[in-house]
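Residue numbers (my numbering), protein chains in the order written: chain Z, 1 to 494; chain P, 1 to 308; chain H, 1 to 313.
Simulated from the structure, these hints should not be mistaken for laboratory data.
Some clues are possibly wrong.
Stated by the list, open to error - Partial pick of chain Z residues on the chain H-facing surface, computed with a CB cut under 7 Å:
1) Val44
2) Ile166
3) Thr255
4) Ala469
Keep in mind that this is a model prediction, so the values were computed, not measured.
A virtual CB, placed ideally from N, CA and C, is assigned to each residue, including glycine.
Here is how the chains run, residue by residue.
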Amino acid sequence: MIDSSLRWVDDRLGVAKGGRTFLDKIFPDHWSFMLGEIALYSFVVLLGTGVFLSLYYVPSAHEIVYHGSYIPLRGQRVSEAYATSVGLSFDVKSGLLMRQAHHWAADIFLGSIAVHMARVFFTGAFRKPREFNWIVGVTMLILGIVNGFLGYSLPDDLVSGTGIRIAYSIMESIPLVGSYLGFWVFGGNYPGSGIILERFFILHVLIVPLLILGLLGAHLGLLVKQKHTQFPGKGKTEHNVVGSPMFPTFMAKTTGFLFVTTAVIFLLGGLAQINPIWQFGQYEPFQISYAVQPDWYMGWLDGALRIMPSWEWVGWGHTLPLEVFLPAVIFPGIIFNILIIWPFLETRKTKDLAYHNLLDRPRDRPLRTAAGTAMLTLLFMTFFASSTDVMANFFEVPLNDVLWFFRFAVVIAPVIAGFVAFKICNEMRAAEGIGKRKRALIISRSSTGEYSTTEAEPRPGDGSEELEAIPVPTFIDLVPPELATGAGVRRVMR
Amino acid sequence: MRRLLKARYLVPATLVGCVAVAGLLSFSPSAAQASSSSTGGISTPTTSLPQQVTTQTTTTSPIGTPTLPSASATAKANSASNQTGLFYATLPKAFIAPGQALFAANCSTCHGPEALGTTRAPNLQGLGAGTVDFWVSTGRMPLANSSMQATRKPPRFNRLQTLEIAAWVQSLTPGEGTKVPIVNTNEADLEAGNTLFTLNCAACHTITGAGDALANGAYAPSLHLATPTQIVEAIRSGPGNMPHFSEGNITNAEARDIASYVHGVIQHPTNRGGFGLGGIGPVGEGFVGLLLGVGLLMLVCFWIGDRT
Amino acid sequence: MSDESPRLEGPLPPAALDDPHLQPYAKHPEGTQAIAAVALIIGFLGFIGFGITYWVSDNTQWEAVTLGVGMLGLGFGVITWGKYLMPQGPFVEERHAFHSTEDERAAMTAAITERGGMVVKRRKLLGGLFLLGSTAMGVVLVFPLLRSLGPKPGRTLFLTNWKKNSQLVTVDGRRVTADDLDVGGVLTVFPKGYEGSSPDQVILIRLAKLGPFDAPYPLSPPGRTDWTAQGNVAYSKMCTHLGCPVGLYQEQTQQLVCPCHQSIFNVNAGALPEFGPAPRPLPQLPLKVDNAGYLRSQGGFDQPVGPGFWERP
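Could you build the full structure based on these sequences and the hints that come with them?
Written as structure tokens, this is what we have:
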């Protein structure tokens with residue numbers, strides 16, 4: 001049956017040749033190559049739960065009276081956006097599960113992109129010929145962050161509404177065009193004509209996801225065409241890929257991983273409460289709560305805004321609010337630009353124009369590792385700086401002291417961290433036998449009292465060092481030819 | 001199985017486990033006390049402190065065992081506010097003498113024998129019985145550490161003694177200051193309380209009442225243990241850095257609504273979505289999502305993939 | 001996805017079934033299969049459980065647990081199948097250089113430059129005109145994309161609805177008298193008719209209980225003592241950093257603290273920022289008391305409210 005269906009399709013599309021090549025594709029098995037899959041599968045969950053939510057949510061600032069199940073809100077005038085979001089949480093069957101799973105999936109999506117990006121960076125997988133894929137990936141990261149912000153602002157609650165106010169002011173701070181940009185995007189002076197929720201909605205459910213999907217297709221397509229990188233090891237060269245075949249092994253493992261990722265997201269989605277908007281109330285521009293932070297992937301921007309000194313430039317009839325413009329526009333601009341052009345920065349420094357399909361161990365590139373560590377430390381410091389008030393409360397330290405600490409830590413800590421990372425790399429490289437997987441030794445004692453050791457069996461996951469890698473066999477002798485019956489023998493020539 | 005106990009699983013699993021425990025319980029000390037009230041929508045009494053004031057939360061009858069003047073006498077005096085579910089009690093004259101004795105023994109060292117204050121403590125004359133009741137019934141007074149903001153702790157005196165001290169201080173300046181309120185939360189308008197709380201209280205105490213650090217070493221405390229009486233007393237007397245909200249600002253009905261909202265909703269939040277993570281918002285959610293979510297999935301990657 | 005290797009015309013030799021590469025990892029495949037089977041059964045039961053929970057109770061926690069157990073079961077089972085029961089390999093695939101040969105590159109370059117050169121060089125006029133037209137299209141298509149979105153700012157950012165003699169009201173529309181607040185009291189007010197309006201939000205603070213005939217409260221910015229009214233002082237509630245409402249008032253230290261990024265404003269000194277990222281003081285609203293005892297504004301703010309922007313002088 002497979003034979004005849006394939007024949008029918010191949011007559012029209014010619015897919016058999018490419019299809020077989022695809023099924024024989026080899027994926028290296030290292031665990032760190034699966035981090036991107038976490039991102040991919042959490043994106044799948046985002047799409048699925050997102051479709052569900054979009055069938056109930058109304059992106060309108062038009063005010064109605066709340067009549068749902070949450071009693072402390074009953075009778076209050078709220079926007080339809082808020083009312084439908086609370087409605088999803090209380091009055092739609094499995095609505096709260098889908099809403100929370102969607103939000104957790106977004107957090108995990110961006111978190112896994114971060115660790116995936118770190119893996120790619122520290123192993124040098126972005127080098128020729130994969131610079132395009134790196135740029136596509138960084139772009140998806142930026143789009144993901146933007147879409148996350150747009151998404152959690154949709155319910156029009158007190159906490160996310162404060163974030164929207166801040167976004168407006170950041171736009172406003174851009175010299176020359178800032179006030180125009182704010183008025184145009186929002187439809188007037190803040191809070192605008194109310195159209196902002198509809199614009200956020202269409203960006204969040206249509207425009208940005210389409211962009212991400214397109215880039216995702218390019219990302220995976222490049223991966224298939226250029227083949228995955230691999231760590232150096234026995235039998236692995238710049239001109240081959242050693243690992244598991246796409247069908248059936250890799251498909252099984254990755255499908256299983258899709259299920260597991262979905263499981264973790266839904267378990268969090270029902271057991272750990274996230275963004276309880278009914279407790280926050282409808283957003284009003286003259287109301288606010290204390291101890292408000294954005295979601296974690298925006299935390300570094302909020303932290304930068306908090307620690308920035310109040311340097312505003314005023315002159316010649318104009319104001320340049322540097323205390324906003326620098327941390328919220330220039331700083332992320334620099335970070336993202338460094339990320340995007342990093343492969344070219346590195347090529348310039350190392351003058352290395354060769355193809356690289358084998359990965360580096362981070363210790364073999366101390367400068368790159370140190371630079372990456374410094375960058376990560378900087379982002380961590382600004383991330384922690386976004387919770388200065390929570391930290392002051394928890395550690396019972398004055399708020400002012402916490403803020404001064406971070407102003408210095410943000411500059412000093414990355415330097416120290418980079419330096420330490422550099423030193424560690426060099427020391428690890430100098431040490432003999434470090435990092436090598438040691439085989440267990442079984443100690444046995446002979447009857448005369450002598451000790452001897454034998455190496456233990458290799459374990460699965462040791463890279464199957466005992467076997468030489470072979471190409472994927474196209475035909476397998478499932479049935480020895482002497483026993484083959486007439487029907488069902490599938491080979492054309494034998 | 002032995003493989004699972006190897007360091008490469010044990011270390012990250014322990015890390016994830018520790019964060020799971022920490023993240024799912026709470027992060028701030030004040031929220032830790034509230035975590036008993038924020039599990040899965042079950043409403044449990046929030047306070048574990050031996051405060052007798054909790055008995056009066058939802059009744060119209062006078063508080064505790066001591067006899068207050070009959071309801072009709074005070075009702076006549078506060079007939080207008082009686083309809084709002086909040087009226088102010090006049091403490092019996094019989095409380096004054098034992099109150100003076102208690103004050104002399106416990107408070108006069110710092111506040112002076114006539115409560116006029118010394119270099120160590122402020123003048124209490126004119127503050128009213130309600131103010132004294134707030135500070136003493138929340139355990140803030142007697143002060144444990146004079147170098148930092150007074151914190152809530154188990155009260156030193158029982159309800160009767162607290163009211164006696166309050167009555168004595170009030171007697172020094174009759175009619176002045178905040179009186180002890182009697183709060184009936186039964187007919188409260190929760191939606192109005194919600195609106196008022198958000199506008200007037202959330203900016204310092206946070207929208208979930210978790211409290212947070214203020215400037216110059218001060219902090220706004222968590223509201224998870226306050227009784228309706230203490231809430232109204234705080235609103236009216238503005239302890240410490242808290243503003244004073246007089247009747248022209250927040251009426252008696254509004255104060256009753258706020259107290260009911262705090263007692264009913266803030267202290268028994270609807271955590272329909274699962275563990276409340278301490279109610280501190282995206283900081284806790286980020287930790288859980290990254291360390292628990294991504295961390296667990298990375299552990300699965302360790303299992304599926306190779307190490308070399 | 002086309003491959004660079006040549007088309008397959010003849011049969012490839014089959015691999016033997018007992019080839020070590022085709023054997024599963026698991027030392028005891030039957031036992032491992034049993035484990036995977038149990039996991040898949042648990043998964044199946046989990047999904048059934050979800051179905052039941054959905055119809056019976058709609059309890060979020062139970063829905064999550066059943067769905068999670070279902071997914072975990074299936075996932076664990078399939079992963080076990082894939083990792084321990086499928087051919088262990090390792091398998092190898094050659095990387096063929098996928099870049100074109102020098103000749104192909106030369107041909108591609110030639111296709112563009114020679115054929116293109118033939119027509120464009122000879123028809124420079126047409127090329128230039130097409131470029132001109134396309135550029136014009138590109139430029140003007142930006143107009144509806146951007147300009148139609150909203151109005152021009154104009155003078156809007158410089159003005160609020162506070163005028164001479166505007167009445168101070170609460171968000172419910174209740175008029176505010178000079179004695180409504182106690183010392184240390186704080187209230188959010190708006191001009192009458194604009195309750196809830198974002199740029200008009202004002203925070204009213206009572207610094208002292210002064211009577212109508214007492215000397216005005218001594219605020220430190222010079223020339224502003226007559227901006228207070230019987231000890232009441234009013235500032236724009238919109239933080240000059242990023243526009244968050246500055247609702248946090250510390251009565252003892254007489255500081256307004258913005259909850260967003262902890263800018264601290266000294267209420268006695270004209271809301272001068274003492275700490276944190278806010279660059280300018282909160283604009284002060286001059287107050288007065290009318291004949292009936294109600295608070296009114298003497299006029300609007302003396303500067304634009306809220307965060308900084310380019311056109312702000």
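Hint check results:
no., hint, result
1, Val44, "violated (12 Å)"
2, Ile166, "holds (5 Å)"
3, Thr255, "holds (6 Å)"
4, Ala469, "holds (4 Å)"
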